[in-house]
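Listed below are the residues making up each chain.
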Amino acid sequence: MRENKSIFSQIEFPVLLLYLTLTLIGWLSIYAAVYDEDHSSIFDISQRYGKQLLWIGLALVLGLFVMLTDTRFFNGFAFAIYGITILMLIAVLLFGSTTAGSKSWFEIGGFKLQPAEFAKFSTGLALAAFLNRLDTHLEQTRTLLISIGIIALPSLLTLAQYDTGSALVFGAFVLVLYREGLSAWPLILGSIAVVLFILVLYFGPLYVIIGLAVVLAGSFFFMRRNVQNILRLLAVFAVSSLFVISVNFVFDNVLEPHQRTRINVLLGLDEDLRGAGYNVHQSKIAIGSGGFLGKGFLQGTQTKFNFVPEQSTDFIFCTVGEEWGFLGTTIVIGLYIMLFLRLIRMAERQRAIFNRVYGYSVIAVMFFHFAINIAMTIGLAPVIGIPLPFVSYGGSSLWAFTLMLFVFLKLDANRTYSS
Amino acid sequence: MEGKKFNERRQIITLIILIIGGIFIIRLFFLQVINQSYKLSSQNNVLRFVTQYPARGTIFDRNGELLVYNEAAYDLLVIPRQAKIDDTLAFCRLLKIDITTFRERLAAARKYSRFRPSVFVEQISKEDYGFIIEKLYHYPGFFFQARTLRKYPRPIASHVLGDVGEVNNAEMERDPIYKMGDYIGKSGLEKFYEKALRGHKGMKIMMVDVHNREKGSYQNGLYDTLPVTGKNVYLGMDVRLQEYGEKLMVNKTGSIVAIDPATGEILALVTSPNYDPNLLVGRARGKNFNELLNHPQKPLINRAIGGTYPPGSTFKMINGLVALQTGSIDEGTRFSCQGKGSSPIKCTHSHVTPLSVQPAIENSCNPFFWNTFRNILNNPNLHGQKKALQYWHDKMLDFGLGKRFKTDIPFEVPGNIPDRDFYDKVYSGSWNAMTVRSLSIGQGEILVTPLQLANLAAIIGNEGYYYPPHLARSIGEENDTLPSHFTQRHETNIDRRYFRLVKDAMLDVFEGGGGTARRFKVKEFQAAGKTGTAENPHGKDHSLFMAFAPVDKPTIAIAVVVENAGFGSTWAAPIASLLMELYITGEVKRPELEKFLLENFPDPVEQ
Numbered sequence: 001m002r003e004n005k006s007i008f009s010q011i012e013f014p015v016l017l018l019y020l021t022l023t024l025i026g027w028l029s030i031y032a033a034v035y036d037e038d039h040s041s042i043f044d045i046s047q048r049y050g051k052q053l054l055w056i057g058l059a060l061v062l063g064l065f066v067m068l069t070d071t072r073f074f075n076g077f078a079f080a081i082y083g084i085t086i087l088m089l090i091a092v093l094l095f096g097s098t099t100a101g102s103k104s105w106f107e108i109g110g111f112k113l114q115p116a117e118f119a120k121f122s123t124g125l126a127l128a129a130f131l132n133r134l135d136t137h138l139e140q141t142r143t144l145l146i147s148i149g150i151i152a153l154p155s156l157l158t159l160a161q162y163d164t165g166s167a168l169v170f171g172a173f174v175l176v177l178y179r180e181g182l183s184a185w186p187l188i189l190g191s192i193a194v195v196l197f198i199l200v201l202y203f204g205p206l207y208v209i210i211g212l213a214v215v216l217a218g219s220f221f222f223m224r225r226n227v228q229n230i231l232r233l234l235a236v237f238a239v240s241s242l243f244v245i246s247v248n249f250v251f252d253n254v255l256e257p258h259q260r261t262r263i264n265v266l267l268g269l270d271e272d273l274r275g276a277g278y279n280v281h282q283s284k285i286a287i288g289s290g291g292f293l294g295k296g297f298l299q300g301t302q303t304k305f306n307f308v309p310e311q312s313t314d315f316i317f318c319t320v321g322e323e324w325g326f327l328g329t330t331i332v333i334g335l336y337i338m339l340f341l342r343l344i345r346m347a348e349r350q351r352a353i354f355n356r357v358y359g360y361s362v363i364a365v366m367f368f369h370f371a372i373n374i375a376m377t378i379g380l381a382p383v384i385g386i387p388l389p390f391v392s393y394g395g396s397s398l399w400a401f402t403l404m405l406f407v408f409l410k411l412d413a414n415r416t417y418s419s
Numbered sequence: 001m002e003g004k005k006f007n008e009r010r011q012i013i014t015l016i017i018l019i020i021g022g023i024f025i026i027r028l029f030f031l032q033v034i035n036q037s038y039k040l041s042s043q044n045n046v047l048r049f050v051t052q053y054p055a056r057g058t059i060f061d062r063n064g065e066l067l068v069y070n071e072a073a074y075d076l077l078v079i080p081r082q083a084k085i086d087d088t089l090a091f092c093r094l095l096k097i098d099i100t101t102f103r104e105r106l107a108a109a110r111k112y113s114r115f116r117p118s119v120f121v122e123q124i125s126k127e128d129y130g131f132i133i134e135k136l137y138h139y140p141g142f143f144f145q146a147r148t149l150r151k152y153p154r155p156i157a158s159h160v161l162g163d164v165g166e167v168n169n170a171e172m173e174r175d176p177i178y179k180m181g182d183y184i185g186k187s188g189l190e191k192f193y194e195k196a197l198r199g200h201k202g203m204k205i206m207m208v209d210v211h212n213r214e215k216g217s218y219q220n221g222l223y224d225t226l227p228v229t230g231k232n233v234y235l236g237m238d239v240r241l242q243e244y245g246e247k248l249m250v251n252k253t254g255s256i257v258a259i260d261p262a263t264g265e266i267l268a269l270v271t272s273p274n275y276d277p278n279l280l281v282g283r284a285r286g287k288n289f290n291e292l293l294n295h296p297q298k299p300l301i302n303r304a305i306g307g308t309y310p311p312g313s314t315f316k317m318i319n320g321l322v323a324l325q326t327g328s329i330d331e332g333t334r335f336s337c338q339g340k341g342s343s344p345i346k347c348t349h350s351h352v353t354p355l356s357v358q359p360a361i362e363n364s365c366n367p368f369f370w371n372t373f374r375n376i377l378n379n380p381n382l383h384g385q386k387k388a389l390q391y392w393h394d395k396m397l398d399f400g401l402g403k404r405f406k407t408d409i410p411f412e413v414p415g416n417i418p419d420r421d422f423y424d425k426v427y428s429g430s431w432n433a434m435t436v437r438s439l440s441i442g443q444g445e446i447l448v449t450p451l452q453l454a455n456l457a458a459i460i461g462n463e464g465y466y467y468p469p470h471l472a473r474s475i476g477e478e479n480d481t482l483p484s485h486f487t488q489r490h491e492t493n494i495d496r497r498y499f500r501l502v503k504d505a506m507l508d509v510f511e512g513g514g515g516t517a518r519r520f521k522v523k524e525f526q527a528a529g530k531t532g533t534a535e536n537p538h539g540k541d542h543s544l545f546m547a548f549a550p551v552d553k554p555t556i557a558i559a560v561v562v563e564n565a566g567f568g569s570t571w572a573a574p575i576a577s578l579l580m581e582l583y584i585t586g587e588v589k590r591p592e593l594e595k596f597l598l599e600n601f602p603d604p605v606e607q
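These protein sequence lines are chains A and B, in that order. My numbering applies: residue 1 is where the first sequence begins, and numbers increase by one. My numbering applies: residue 1 is where the second sequence begins, and numbers increase by one.
There could be a bad hint or two in this list.
[What the hints assert, rightly or not] Computed list of lysine to any residue pairs in SDA-like fashion (alpha-carbon distance at most 25 Å, straight line):
#1 B:K553 / B:R110
#2 A:K295 / B:G22
#3 B:K111 / A:G334
#4 B:K386 / B:S438
#5 A:K295 / B:I26
#6 A:K51 / B:R81
#7 A:K295 / B:I25
#8 B:K111 / A:P257
#9 B:K84 / B:Y129
#10 A:K295 / A:G334
#11 B:K84 / A:S46
#12 B:K111 / A:V34
#13 B:K387 / B:G341
#14 B:K84 / A:V34
[Stated by the list, open to error] Taking CB as the label site, the calculated pair distances span:
#15 A:S46 / B:N35: 48 to 58 Å
#16 A:L341 / B:K111: 42 to 52 Å
#17 A:S9 / B:N35: 47 to 57 Å
#18 A:A217 / B:N168: 37 to 47 Å
#19 A:I198 / B:L136: 50 to 60 Å
[Unchecked claim] Anything over 10 Å on all C-beta distances counts as not near chain B; from chain A, calculated:
#20 L156
#21 L168
#22 P205
#23 A213
#24 M223
Keep in mind the hints are simulated off the structure, nothing from the lab. Glycine residues also receive a C-beta, built at the ideal position from the N, C-alpha and C atoms.
Isolated chain A, as found in the complex:
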């Protein structure tokens, strides 16, 4: 009992406050987004805003349960929880129901649950538990491979459900591995690959290869002119040229048609205002029309008249942008940044590796959602349907993020006691 009393006094209050603020902003935005004059009460349970309030209430109950759980449970049962989630991911492939092309939902009596949302949490737990072992070091190939395996398994299972967005989220764990000592090269090479990919789509492989040759030849003048460097540059040129040539093949044969269009739309190679470009175009109009101060609560014409699809879920940021303007969007982004920085500070003060790795998992996953979701609504990333943490409509996602965050809050509050 002594421990439980101290829990609530030791909880990181600024984070809790940020969580509650974002959740409230989400609820009000959902209300504005699907506002229906016939059901004008924000508590009307037949509407999404009424339901979201219910989800929020249940999320807080969930949070309370987490705070009352013994911290050792999370470390001790990490692999068990991970195993259960993997089984659920397999089960959903076999028995799940399909929504918007993704077979990723369990439907139990009108109630929908998306296991992929919880897989992010359990992957974080499993990774933390694994790296917490005394015999694991990320410099070891074995440790690195097992870590990647832990991350890749749920990712591939989600991909099999045609839920590309959620599958990509697992890529965020690279950030965790980076913090724990993974070389920066994967990050840098990944970034270069993305840049080359985009350049090829814009200019075609030939010009990119010519450009590469020019750049590499230029850099030769700043190097020592010996055979070794020439061979190195040639090797770099050969590998990157191979990559460049394969881009078109991957783009045309591996990606699905809708993914191709989304990328083309993003790069401005395809207008398609009625098709794939529609969401992004409408979303930009909604945000752009907000101006500096916004149109005011419930005054948004774009979102209220349902021009933006998925506006209460993946495109909820539009409502914020339209009704609260630049001021509102800056505040929301500011709140997220504050949350992330606070979480980094918390993660760094953990004595146990388990706590720190788990903390960075929470940061990485939330940051990835935040970055991709907002980038998508303002036309900086292709349309990848993933929710904005705490703000988007939906029980599964809210509970999963609440669970992740509160487990970390609990670990942090108990940091002096845990192993």
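Assemble chain B onto chain A, guided by the hints.
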């Protein structure tokens, strides 16, 4: 402490987060504060431009009788998302559809869009509409949209008036004014005068949401434009003449064309068999059209402008006129006729011999016109037979033959007048008057349409000129929209005295003791005419007759073709006579002749 080794990475991760946050804020600053274009776009989104359909122009005859008007019809539309039906059976009974149709249509509408309206039942009549609208409040998500349907007070002139249908893709591509679901004239006058008849669409600006739900009118309709009703088309047609002509042609195959010689206005354009124009309106249009298309008697063909026949004896006058004008013969030139023993063309009539041009026309003497035609080709002023034939060909074109008048209904054909090149090709250059002798009596390669034949009658009646035959006399309230070539006078450049000679000969057909149409003379006025029999290699000859009246200053020129009816004097001449009587005197006083024509025509199937 393993983690301490990579402590500096905390800063890098923090930096990544800050950079991304910064990029977002800068981007949002440009989107929301700097860039003004999205504010405009948002206005476009909320305003929906709703088209207001104009009423199509109506069509009147020369006396102001209504031929085509509009009747309101209603499409029942559904927005699947809003649709709520408690009693499906009652709903189906109300709409007179069966439950399978109901399910199929609702599924189709859902497939198209749950939010946008789809047509559920199209073209519901005014009567049904009144009944349904009273109960429609039981069924949210369903609503009516007004449309107009063409209506024909008299079931006549279907080929002239044409029909209206929904635009197809090719038509939309040709003229972007048309949008899916718009109506367009598909044939006849509806097609030719489409631009005048269609009017101008109006625009109503509504505030709508993305589901097309109207949220009220924008700025109280300040920027709305009203639709402009299409222009009315006034025809030269006389409804009574048209109707009577169609009546006389029932059960016969052929056509009648009557023209006002003074203006070229078409008074009647009958083709038989025909159909009730109301068949090609509304929901049954597609089905009925296919039935007509596949009908063995081909009722969709407009024989008056699209049927071609060898003109036979009716052609002899023009050959005579050209011969007189070129000096190949004169009024007194006589040729002898050996009747059935004539060579190379025998004569089927018995008459005095030798004879001059006027009695030759009256008696339709073949040998006379063979000699006349040979004289034209051998005329020294025309530089040899081949050049002479080309000259003759050009003259025929002056008479409106061998080419289109570009009249105002589609599917007009030019007929055929063979020229020098044609024979050079067919006979590899070696041919002469003998080779092409059938041209002298209007047989062989010559083909004319009933419209050209009627125009020929008008030219003779006018003594030398014509206006291209056309149906409309004015469009809207001003005349200037009529194509200018309709008011352009065409000359044949043949002296009037030769025409008078031909006229006298044609007058004798009605008035003379041996005239082939003397039995059909009307005492109130003098008519001139000429019978013709077009040889038909497939069966009984076609009966032809051309005429005009009154002879001195004709007000009507007419051509009648009855297919497979034998001699021109048996069927075509009395029909022409009755129609001229009706048009000039205003009534028909020969009921026994009318009865004979209606009841005694041999059933074509038995032939």
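Comparing the hints with the structure gives:
1. Taken as a hint, the K553 (chain B) and R110 (chain B) pair is broken in the structure, with Cα atoms around 68 Å apart against an allowance of 25 Å.
2. With a C-alpha separation of about 24 Å, the suggested pair K295 (chain A) and G22 (chain B) falls inside the 25 Å cut-off, and the hint holds.
3. Distance hint between K111 (chain B) and G334 (chain A) is unfulfilled; the C-alpha atoms sit about 43 Å from each other, more than 25 Å.
4. Using a Cα cut-off of 25 Å, the hinted pair K386 (chain B) and S438 (chain B) holds, with the two alpha carbons roughly 16 Å apart.
5. For the given pair, K295 (chain A) sits about 20 Å from I26 (chain B) by alpha-carbon distance, which is consistent with the 25 Å threshold.
6. Of the supplied pair hints, the one linking K51 (chain A) and R81 (chain B) holds, its CA atoms being roughly 21 Å apart against a limit of 25 Å.
7. Taking the CA atoms of K295 (chain A) and I25 (chain B), the gap is near 19 Å; set against the 25 Å cutoff, the hint holds.
8. Our distance criterion of 25 Å between C-alpha atoms is met by K111 (chain B) and P257 (chain A), whose separation comes to about 21 Å.
9. Proposed proximity of K84 (chain B) and Y129 (chain B) is supported: the alpha carbons are some 20 Å apart, at most 25 Å.
10. Our distance criterion of 25 Å between C-alpha atoms is met by K295 (chain A) and G334 (chain A), whose separation comes to about 20 Å.
11. Annotation: proposed proximity of K84 (chain B) to S46 (chain A) holds, straight-line Cα distance about 18 Å (limit 25 Å).
12. Annotation: proposed proximity of K111 (chain B) to V34 (chain A) holds, straight-line Cα distance about 24 Å (limit 25 Å).
13. Distance restraint check for K387 (chain B) and G341 (chain B): the Cα-Cα separation of roughly 31 Å exceeds the 25 Å cut-off, and the hinted pair is therefore not satisfied.
14. Simply put, K84 (chain B) and V34 (chain A) have alpha-carbon atoms about 21 Å apart, close enough for the 25 Å limit, and the pair holds.
15. Against the hinted window of 48 to 58 Å, the Cβ-Cβ separation of S46 (chain A) and N35 (chain B) comes to about 38 Å, which falls outside the hint.
16. Look at L341 (chain A) against K111 (chain B): about 50 Å separates their beta carbons, and that is inside 42 to 52 Å.
17. Take S9 (chain A) and N35 (chain B): their Cβ atoms lie about 49 Å apart, and the range 47 to 57 Å holds.
18. About 60 Å separates the C-beta atoms of A217 (chain A) and N168 (chain B), a value inconsistent with the hinted range of 37 to 47 Å.
19. The beta-carbon spacing between I198 (chain A) and L136 (chain B), approximately 55 Å, falls within the hinted interval of 50 to 60 Å.
20. With a least CB separation of 26 Å from chain B, L156 (chain A) remains clear of the 10 Å interface cut-off, as annotated.
21. Annotated as non-interface, L168 (chain A) keeps its C-beta farther than 10 Å from every C-beta of chain B; the closest such distance is 16 Å.
22. The beta carbon of P205 (chain A) sits about 28 Å from the closest Cβ of chain B, which is more than 10 Å, so the claim that it is off the interface holds.
23. No beta-carbon of chain B comes within 10 Å of the beta-carbon of A213 (chain A); the shortest separation is about 30 Å.
24. Listed as a non-interface residue, M223 (chain A) keeps its Cβ farther than 10 Å from every Cβ of chain B; the least gap is roughly 26 Å.
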